[in-house]
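2 protein chains.
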Amino acid sequence: MKKTTILSLLFLISVSLFSQEKDAAYIRKIYDEALERGESYSMLHYLTKNIGGRLSGSPQAAAAVEWSRQQMMAYGFDTVYLQPVMVPHWVRGNVEVGRIVNSKKLGSMEIPVTALGNSVGTGPEGTLAEIIEVNDFQELAELGEAKIKGKIVFFNRPMDPKLMDTFSAYSGASNQRGSGPTEAAKYGAIGVIVRSLSSFKDQVLHTGSTNYGLNVPKIPAVAITTKDADFLSDLLKDDKGLQFYFETHSEMLEDVLSYNVVGEIKGSTNPEEIIVVGGHLDSWDLSEGAHDDGAGCVQSIEALRLFKALGYRPKRTLRAVMFMNEENGLRGGRKYAELAAQNNEKHIAALESDRGGFLPIGFGITGTKAQQKKMIDWAPLFHPFGLYQFKAGGGGADISPLRTQDVPTIGYIPDSQRYFKYHHTPIDNFEAVNQRELELGAASMAALIYLIDQHGM
Amino acid sequence: MKKTTILSLLFLISVSLFSQEKDAAYIRKIYDEALERGESYSMLHYLTKNIGGRLSGSPQAAAAVEWSRQQMMAYGFDTVYLQPVMVPHWVRGNVEVGRIVNSKKLGSMEIPVTALGNSVGTGPEGTLAEIIEVNDFQELAELGEAKIKGKIVFFNRPMDPKLMDTFSAYSGASNQRGSGPTEAAKYGAIGVIVRSLSSFKDQVLHTGSTNYGLNVPKIPAVAITTKDADFLSDLLKDDKGLQFYFETHSEMLEDVLSYNVVGEIKGSTNPEEIIVVGGHLDSWDLSEGAHDDGAGCVQSIEALRLFKALGYRPKRTLRAVMFMNEENGLRGGRKYAELAAQNNEKHIAALESDRGGFLPIGFGITGTKAQQKKMIDWAPLFHPFGLYQFKAGGGGADISPLRTQDVPTIGYIPDSQRYFKYHHTPIDNFEAVNQRELELGAASMAALIYLIDQHGM
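Chains as they are written, first to last, in my numbering: chain A, 1 to 457; chain B, 1 to 457.
Quick caveat, the hints were computed from the structure, so don't treat them as lab data. Take these hints with a grain of salt, some might be off.
As the list makes no split between identical chains, a pair holds if one copy fits it or if it spans any two.
Here are the simulated DSSO-like pairs of lysine-lysine, each with C-alpha atoms no more than 30 Å apart in a straight line [what the hints assert, rightly or not]:
| no. | residue 1 | residue 2 |
| --- | --- | --- |
| 1 | K201 | K308 |
| 2 | K186 | K105 |
| 3 | K266 | K29 |
| 4 | K391 | K29 |
Using the sequences plus the hints, can you model the full thing?
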C-alpha cells in the first residue's frame, strides 16, 4: 500500500472510532434523560387511569386520540395532526355467562367466559350443546361433520411452555382463536370455546379477535381460563356427553370515524426522509390496555420528547404515530401506509413497540441484507444497557403495510416472559408496568432512532 | 507437526465439540423440565402463603426450617440435616408512629414509618426533635456536634437512577441505613430518619438492618417512603425549625437457637468435592419475603430436584443450603463456613441466589483468574436462554465467609430493574414473582451446577 493510502485508511478508522465514541456518549445521554426525568410513566398513568380501555369506536378511543394530540402539542413537536380512518365498532354487551352442564342435566356450574373480539353473540337465549374437545384443525377435519355438527367445539391446545420466545408459543396456538370459529363452523359447529392464550395456568381470561371467513356461518365464540380449560378437559374424560351453555351479547355495529394521531419533528438537513416510530392507541375493553399497547404509545411519544429535552436537532424527520385499530382490524396501519404512498412520502425506517413495556432486550429488522447488517452492527452500542438480541426478522402489525413500499420495519423487543400473563386480559393495567422497564424501553427506541437519523438505514 | 500429533489434536477438538454439544443438549433438558414441570413456583407459594415473613428467631423462621427439611426429604435427597446456629432475635413491636410537626407546633401530620432492623425503639414517650437533613457522612461531619446535637438526622440521598445495575445504586446509598444511626449518634443526634432505599418514587416503606457501632449510643431509627422524603425535604426549605416525632417499640431480645437446612445428593465418583447452592431462609417481617429470598431458597431446592427428576447422577456432591439470618446477622453463613473448615470439607464452588426471582441475565464469579475464565467461557451455552452477563466479581452474603477457604463464590444475576421496588418492603409477596422468571432462574442455576459437576471448577 502507498503511504497516502495507509494514512487515509488510518484517518477513516479514527473517524469511525470517533463516531462510535460520539454515538456511545450520546446514547448514554438519552438513557440518562429517560431514567432521571422520563415522562413515559406519567403519560401511561394518564392514558390508563384517566381514559382506560380503548376499544376501536369507543368513547375512550376518541378520548385517547384527543389526549395524544394534546400531549404531543404540549411537548412542542413541529406538527401534530390526525389521519381520519373508518374503524370497526364491536361491542361486548353487558352479560357474559358460561355454564358446564352434565349430560343428564342433573348439575351445572358457572365458569367465567369472555366473548372473542369481533364475535357474534348468542343473544338472550344462549347456546347449549354437547362439547367436543380438539387440539388442532387436523383433528377437527378428521372428526368431520358427523361428529361436529350441532356441537360446541372446544379448542384446547396450550401454548408450549418450553419455547423461550413466548411470541413463538403464542403463534403456535393462536390460530385456534383467530380461525377456530370459522373452521368449526365449516363442519356445522354452533359455538366455540377457546383455551385462553396464556403462558400460565391461572384464572385469567384472555380475549382477542377472531376473524370470520366469507360464506361460513358466524358462530358465537368465547374464551375460558387455562385452569378452567384443564378442568373442563378432565370432566370430559368422565362424561363424554358433557354440555356447555353460554350467553353473550356481543355485536358488530356500523363503522365509526376515528384517527391515527401523528406528531412530527422536522428534519434539519434531510426533512424528506421520514423515520416513523409508533404503537397502537386502541386496546381491548377488559382492562386499561397498559402493556398492550399503552406502553408502545407513550414510549413512541417519549422517544421524540427525549430529543426535544436534549436539544437534539434531527437530520431526518422523526414521526411518532399512534395507530388506531390494531386489535380488531388494522385499519389505522393500512390507512397510514396508503396515505404514505399517496403523498409520495419517503420512509427510511419504521419502528414499532407492541410487545409490552418490559425489559428491553433487542430489536428485530425486516429489510434488505444491507439494512439488516447495518442495524445488527450497532448491537455493541446497546450492550451496556442489556440489549443483546439484534436479529433479522421483525416489525409490528401496524407498520407491516409499509413493507409493500420496501420500508425496513423494525420491532422493538422487550423480554417476553411475562407478556402473556397480561395480554388481552382484565389485568393489563398500569400497576403491571414497571417504571424503569418502561423508561429503558423508550430510551432504547430513541437510541436506535438516533443511530438511524445519524447514519441512515 | 507430526501426523500423530495432528491426529490427536483433531481428536481432542472433536471430543471438545462433542462435549459442548452434549452439554448444550443436557442444558436444554434442564430448562425444559423446569418450564414444563417445575416446582419452584408451588414451593414458593407454600413458603410465602402458608408460612409468610420469616425474621430470624420468629416462629415463622422455625416453621420455614421444618418445611424446607421436609420438602427436601420428600424429594428424596440422599441426606437432609440441620446445622444449629444461635441467631439474633429482633422484634419490631406493634406500634410505629411518625409525625411531622411544624416549628410553632401549630400543626402536624402523620406519615408512615418503619423501624430499621436491629434498631432500638423510642418507647411509648417517643422521640421529638428538630430535623436536620444531610446527604452523606461528610456533610454530617461538617455540620458537627454544634448543629447535630439533640436533633433528628434525616439522611436523604437517593439511589442514582442512572445506574443500570440497581445494586450499584443501592450500594451508593445504603450506608445511610447501615451506619447512619451510629454516625449521627457520634455527633449527639437522638434519632435518625432514612430515605427508603428504593429505585422508585412511591409510598412504599423499605426496612433493612442498621449496625450500631461499639461505644456509641444506640439511637432509634426509622425509614420513610421516598415520596415522603421528598415532601419532608420540601417542607424543610420553608420551615428550618421543622420537628419530627416518632414512636417505635422495637428491641433486640436474647439470641435464639435456629438452623441452616442442608440437603444433599451424594456424588458418584468424587463425593468429597462439594458444590453448594443456596439462598437465605430468613426474611424481613413486613411481607412474605418472596423475592428476598424465598425465591433463592426454592430455586436452590429446585436445582437439585431437577437433577433427581432427570435421573442425573452427579459426579460431585451437590448441596442445597437454606441459610439462616442473612438479613440481620449473617450467623448462618458464618456457621456454615466454620463447620466446613472444622469438617475439612472440600467445596469446589458455592453459588447463591439472593437478587430476587427475576429474569436470569448471568452469573458473576469471585475466584482465581482460571476459575473466572472457566465460567466465563461457558457463556455461549447460556445465550439461547438470554444470559449474557458472565463476569468476574460476584457471590452472595451467605457464601462470602467461604472465601477465607478459597472457595470460588458465584452470584446468580437476574435482571435488577424491579428489585428495589420490593426489597425489604410490605409488597415483597408471592404475587410479585413471575412463574416463568422464577423457573428460568432455577434452570439457569441448575445448568451452571451441571457444568461445574461435569468439568470441575
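We went through each hint and held it up to the structure:
In this assembly of identical chains, K201 and K308 lie within 30 Å of each other by CA distance solely across copies; the values are 24 Å between and 44 Å within a copy. Taking the closest pair of Cα atoms, K186 and K105 come within 30 Å of each other only inside a single copy of the chain (28 Å); across copies the shortest separation is 79 Å, beyond that limit. For the identical chains of this complex, K266 and K29 are intra-copy neighbours only, at 21 Å inside a copy versus 52 Å across copies, given an alpha-carbon limit of 30 Å. Proximity of K391 to K29 under the C-alpha cut-off of 30 Å is found in both arrangements, the shortest distances being 25 Å within a copy and 25 Å between copies.
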